[in-house]
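Spelled out from the first residue to the last, the chains are:
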Amino acid sequence: DGGITQSPKYLFRKEGQNVTLSCEQNLNHDAMYWYRQDPGQGLRLIYYSQIVNDFQKGDIAEGYSVSREKKESFPLTVTSAQKNPTAFYLCASRKGLAGDNYEQYFGPGTRLTVT
Amino acid sequence: QKEVEQNSGPLSVPEGAIASLNCTYSDRGSQSFFWYRQYSGKSPELIMFIYSNGDKEDGRFTAQLNKASQYVSLLIRDSQPSDSATYLCAVNTVTGGFKTIFGAGTRLFVKA
Numbered sequence: 009d010g011g012i013t014q015s016p017k018y019l020f021r022k023e024g025q026n027v028t029l030s031c032e033q034n035l036n037h038d039a040m041y042w043y044r045q046d047p048g049q050g051l052r053l054i055y056y057s058q059i060v061n062d063f064q065k066g067d068i069a070e071g072y073s074v075s076r077e078k079k080e081s082f083p084l085t086v087t088s089a090q091k092n093p094t095a096f097y098l099c100a101s102r103k104g105l106a107g108d109n110y111e112q113y114f115g116p117g118t119r120l121t122v123t
Numbered sequence: 002q003k004e005v006e007q008n009s010g011p012l013s014v015p016e017g018a019i020a021s022l023n024c025t026y027s028d029r030g031s032q033s034f035f036w037y038r039q040y041s042g043k044s045p046e047l048i049m050f051i052y053s054n055g056d057k058e059d060g061r062f063t064a065q066l067n068k069a070s071q072y073v074s075l076l077i078r079d080s081q082p083s084d085s086a087t088y089l090c091a092v093n094t095v096t097g098g099f100k101t102i103f104g105a106g107t108r109l110f111v112k113a
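Top to bottom, those sequences are chains A and B. Using the working numbering, the letters of the first sequence correspond one by one to residues 9 to 123. Using the working numbering, the letters of the second sequence correspond one by one to residues 2 to 113.
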């Protein structure tokens, strides 16, 4: 089956620890995205990547880092510098490049709780 | 002004009625528009996309686009309790660099 996988589904961490969220896609999509969603809120863009070994900051990149070493994979690290990391994290991918009309497809999400 | 605005709701309709969800956007150069449905605790799933002015129908769903008014809507006919969810409007914008902007979503409740 083609799709986007995120792991784990639930993640619990102590304050001050870095944590890495996994995102893998086998759709052969060029672009990948990370969003954060807080209760009752919309999606806020953290980072995105349109090609391997290149990525750009979104609207709320502070305290997060990413890598794109393979087309299929776009892991997100939530660092201890992120002041309020507890949230629902969504990974998405899209075929085509900037300017195309294609839609984004979302993974199932990772719910991160930091105490 | 937010780039993509939606009424947060909740919008409550009786089963079998038409639910009307609205979205306005600020970038006149936007070319493509999407509606996603998100159930509580789940990720968004695409239900409709529209590129041209006018109506686009898919089963019980109709998307309507008016670029002159910078307005896009989603109609759900014969609403079912299973349609109860948050509906996100998304717009591919071009000003300031190509990106997809999501609205905050409208919560819809369909009462049985």
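Just so you know, these hints were derived from the structure itself, not from any lab. Warning: the hint list may mix true and false statements.
To be verified - Listed below are the simulated EDC-like cross-link pairs for lysine to aspartate or glutamate, each with C-alpha atoms no more than 20 Å apart in a straight line:
1) Lys103(A) to Asp46(A)
2) Lys100(B) to Glu23(A)
3) Lys100(B) to Asp28(B)
4) Lys112(B) to Glu16(B)
5) Lys91(A) to Asp108(A)
6) Lys103(A) to Glu32(A)
7) Lys100(B) to Asp38(A)
8) Lys68(B) to Asp108(A)
9) Lys103(A) to Glu4(B)
10) Lys3(B) to Asp67(A)
11) Lys79(A) to Asp108(A)
12) Lys100(B) to Asp62(A)
13) Lys91(A) to Asp46(A)
14) Lys100(B) to Asp59(B)
15) Lys57(B) to Glu23(A)
16) Lys3(B) to Asp46(A)
17) Lys78(A) to Glu32(A)
18) Lys100(B) to Asp67(A)
19) Lys103(A) to Glu70(A)
20) Lys65(A) to Glu4(B)
21) Lys68(B) to Glu6(B)
22) Lys79(A) to Glu23(A)
23) Lys65(A) to Asp46(A)
24) Lys91(A) to Asp38(A)
25) Lys17(A) to Glu46(B)
26) Lys43(B) to Glu77(A)
27) Lys43(B) to Glu32(A)
Claimed, not checked - Far from chain B, some chain A residues (derived; all Cβ distances over 12 Å):
28) Phe20
29) Asn36
30) Leu53
31) Gln58
32) Lys79
33) Pro83
34) Val122
Claimed, not checked - Derived contacts from chain A toward chain B, CB cut-off under 8 Å, selection only:
35) Gly24
36) Thr28
37) Pro47
38) Phe63
39) Leu98
Each residue gets a CB set at the ideal place from its N, CA and C atoms; glycine is no exception.
*Can we keep the Thr28(A) interface hint, with Cβ of chain B closer than 8 Å?*
violated (19 Å)
*Quick one, are Lys103(A) and Glu70(A) close enough, alpha carbons at most 20 Å?*
violated (27 Å)
*asked:* Does Glu32(A) sit within 20 Å of Lys78(A), going by the straight-line distance between their CA atoms?
replied: The hint holds at about 10 Å.
*Would you settle whether the hint for Leu98(A) is holds or violated, based on the nearest Cβ-Cβ distance to chain B being less than 8 Å?*
holds (6 Å)
*Given the hinted pair Lys91(A) and Asp46(A), is their alpha-carbon gap at most 20 Å?*
Given that 20 Å is the threshold and the Cα spacing comes to 14 Å, the pair holds.
*Within a Cα-Cα threshold of 20 Å, do Lys79(A) and Asp108(A) meet the stated pairing?*
Given that 20 Å is the threshold and the Cα spacing comes to 18 Å, the pair holds.
*Given the hint that Lys112(B) pairs with Glu16(B), test it: the Cα-Cα distance must not exceed 20 Å.*
This hinted pair holds, its Cα atoms lying about 5 Å apart.
*CA of Lys103(A) to CA of Glu32(A), is that 20 Å or under?*
holds (14 Å)
*Are Lys17(A) and Glu46(B) close enough, with their CA atoms no more than 20 Å apart?*
Holds: Lys17(A) and Glu46(B) sit about 17 Å apart, inside 20 Å.
*Distance restraint between Lys100(B) and Asp62(A), which requires alpha-carbon spacing of 20 Å or less*: holds (16 Å)
*For the pair supplied as a hint, Lys3(B) and Asp67(A), is the alpha-carbon distance within the 20 Å limit?*
holds (14 Å)
*Against chain B, is Phe63(A) within 8 Å by beta-carbon distance?*
violated (14 Å)
Of the numbered hints stated above, those contradicted by the structure are hints 1, 2, 5, 9, 14, 15, 19, 22, 24, 26, 30, 31, 35, 36, 37, 38, listed in ascending order.
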